[in-house]
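A.B. asks: By the numbering used here, the letter at position 51 of the sequence shown is numbered 51, and the numbering carries on one by one without gaps.
It should be emphasised that the hints constitute simulated quantities derived from the structure, not laboratory data. Please read these numbers as outputs of a predicted model, since none were measured by experiment. It is possible that part of the hints are untrue.
What the hints assert, rightly or not - The calculated label-pair distances, taken between Cβ atoms and stated as ranges, are:
no., residue 1, residue 2, range
1, E44, G98, 23 to 31 Å
2, G32, G56, 14 to 22 Å
3, P43, A103, 25 to 33 Å
4, E100, A31, 19 to 27 Å
5, A123, D35, 26 to 34 Å
6, P50, V80, 18 to 26 Å
7, T53, G98, 28 to 36 Å
Note that CB positions come from ideal geometry on N, CA and C, so glycine has one too.
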Amino acid sequence: MPSRREADGEARGGESDPAALARSYYDALDAGEYDRLASLLHPEFVQRRPDRTFEGRDRFVAFMRDERPNTDTTHVVERVYPAGPGVAVRGRVLDADGAELFAFVDVFSVDAGRLTALETYAAES
Numbered sequence: 001m002p003s004r005r006e007a008d009g010e011a012r013g014g015e016s017d018p019a020a021l022a023r024s025y026y027d028a029l030d031a032g033e034y035d036r037l038a039s040l041l042h043p044e045f046v047q048r049r050p051d052r053t054f055e056g057r058d059r060f061v062a063f064m065r066d067e068r069p070n071t072d073t074t075h076v077v078e079r080v081y082p083a084g085p086g087v088a089v090r091g092r093v094l095d096a097d098g099a100e101l102f103a104f105v106d107v108f109s110v111d112a113g114r115l116t117a118l119e120t121y122a123a124e125s
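I would like the entire structure built from these sequences, with the hints used as guidance.
C.D. replies: In C-alpha cells form, the structure reads like this:
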C-alpha cells in the first residue's frame with residue numbers, strides 16, 4: 001500500500017512520480033477534495049482543452065469547485081503512459097448513473113513534483 005506522500009504524487013526520496021501525480025489529480029477531483037487538488041498543481045498551472053483555457057492554479061480550482069456544470073462525475077483511467085517528461089492518461093468520464101459522458105486523453109507536464117500544465121483532448125460519446 002502506498003504511503004500518503006506517494007498517494008499524493010510524491011515518490012520515496014522526494015522525487016516526483018508523474019503517473020502517481022496524475023492518478024492523484026483524478027482522485028482529488030472526483031472526491032471533491034479541492035485543497036488536495038490545489039496542492040498537486042503548480043501556482044502557474046495551465047489547462048488547455050477544446051472549449052477553453054484556464055491559466056493559473058487558483059482559476060482552475062475555482063472552476064472545478066464552483067462552475068463545472070456537473071461535479072458528480074468519475075474519471076475512469078484506462079491507461080497511463082508514464083514514459084517521457086510528463087505523463088499521458090487515456091480514460092472516460094462517467095456521470096453519477098455510470099453513463100459515459102466522453103472519452104479523453106490528458107497530457108500532463110510535471111516539474112518539481114507538481115503538475116504544471118494539462119492538455120485535454122476529448123471526444124463525445
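A.B. asks: Run every hint past the structure and note whether it holds.
C.D. replies: Hints versus structure:
no.	hint	result
1	E44 - G98: 23 to 31 Å	violated (36 Å)
2	G32 - G56: 14 to 22 Å	holds (20 Å)
3	P43 - A103: 25 to 33 Å	holds (30 Å)
4	E100 - A31: 19 to 27 Å	holds (20 Å)
5	A123 - D35: 26 to 34 Å	holds (31 Å)
6	P50 - V80: 18 to 26 Å	holds (22 Å)
7	T53 - G98: 28 to 36 Å	holds (30 Å)
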